[in-house]
Amino acid sequence: MNFVDIYKSMEGTLEKLTVGEVLKTNEESKKYGLVLTAEEANVVIETRNLAIKNYGRVELGIEVVKKIIAAFCTSPYINPQDYASTLNELIEIFYYMKNETEDRIGDDELIGIMKEYFNNSCRGSAELLRNRELPLFAINFRQQLNQVIDFSLKEEQL
Amino acid sequence: MKCTDIEKQPTIKKQHLDPNQYTLSLIKEGYRVGLIDQQTFNSIQTQLMSLLRDLITRYTKGESSSVKAETAQSI
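As you go down the protein sequences, you meet chains A and B in turn.
Position 31 of the first sequence, counted from 1, bears residue number 70 in our numbering, the numbering being contiguous throughout.
Position 37 of the second sequence, counted from 1, bears residue number 39 in our numbering, the numbering being contiguous throughout.
Derived by calculation from the structure, the hints in this document are not laboratory data.
Certain hints may be false.
Unchecked claim - Lysine to aspartate or glutamate pairs mimicking EDC-like chemistry, simulated, CA-CA at most 20 Å apart:
(1) A:Lys154 <-> A:Glu131
(2) A:Lys70 <-> A:Glu85
(3) A:Lys92 <-> B:Glu72
(4) A:Lys106 <-> B:Glu72
(5) B:Lys63 <-> A:Asp146
(6) A:Lys63 <-> A:Glu102
(7) A:Lys105 <-> B:Glu65
(8) B:Lys63 <-> A:Glu131
Could you put the whole structure together from the sequences, leaning on the hints where they help?
Next comes the structure, spelled out in structure tokens:
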């Protein structure tokens with residue numbers, strides 16, 4: 040059964056169900072002065088949908104979006120003026136990194152890594168996060184992964 | 003009983019069924035000829051997506067909510 044084709048045929052339906060879920064995150068984020076409007080929530084969903092499509096991924100539900108919001112709304116580097124735009128960048132970066140790390144890192148762990156870099160070495164710059172820190176991380180990660188695989192293969196041969 | 007009392011049932015056209023997307027084409031064709039109504043059509047899709055979500059969760063051991071499309075095809 041080809042789930043992926045059925046999934047693609049349902050993309051528009053899922054969007055209508057999830058904007059409300061995004062707006063619900065305001066209940067927590069407003070404690071930090073960060074609130075998304077309905078229009079901004081729509082854009083967040085569109086960004087998520089586009090990233091999923093562009094990076095060739097399949098995802099049911101928006102747990103990742105909610106987790107990113109929960110993780111980053113406490114960041115000292117995000118202010119109300121750029122809250123929505125920063126979220127959109129972080130969502131795109133997340134799905135990019137899922138591919139770059141070959142799905143070897145779980146969602147929570149990856150969001151934790153992103154948050155760590157964002158709040159420290161990147162000092163709130165999503166651009167540095169996307170173009171410097173995370174690509175370097177991905178390269179090192181894949182190198183270590185290949186070393187582990189090589190070692191395992193050699194052990195099997197012995 | 004008159005022959006005119008018998009209702010003619012709409013038939014699914016074989017040429018509308020795609021062997022590479024059989025389930026989806028069958029659902030769409032069933033909807034097209036009125037064998038499935040809109041509510042049933044939506045319900046079937048929703049249930050299938052729920053199955054896919056469960057498969058992804060099991061495949062990733064609950065660690066990820068998304069997978070590559072190729073992976074989704076294979077699971």
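Each hint, compared with the structure:
For the hint pairing Lys154 (chain A) with Glu131 (chain A), the CA-to-CA distance comes to about 14 Å; that is within 20 Å, so the pair holds. Between Lys70 (chain A) and Glu85 (chain A) the CA atoms are separated by roughly 25 Å; this puts the pair beyond 20 Å, and the hint is violated. With a C-alpha separation of about 13 Å, the suggested pairing of Lys92 (chain A) with Glu72 (chain B) holds against the 20 Å cut-off. Between Lys106 (chain A) and Glu72 (chain B) the alpha-carbon distance is near 25 Å, which puts this suggested pair outside the 20 Å criterion.
Annotation: proposed proximity of Lys63 (chain B) to Asp146 (chain A) holds, straight-line Cα distance about 11 Å (limit 20 Å). Distance restraint check for Lys63 (chain A) and Glu102 (chain A): the Cα-Cα separation of roughly 12 Å lies within the 20 Å cut-off, and the hinted pair is therefore satisfied. Between Lys105 (chain A) and Glu65 (chain B), the direct Cα distance comes to roughly 15 Å. Compliance with the 20 Å bound is thereby established for this hinted pair. Between Lys63 (chain B) and Glu131 (chain A), the direct Cα distance comes to roughly 23 Å. Violation of the 20 Å bound is thereby established for this hinted pair.
Hint compliance for this structure: hints 2, 4 and 8 are broken, all remaining hints hold.
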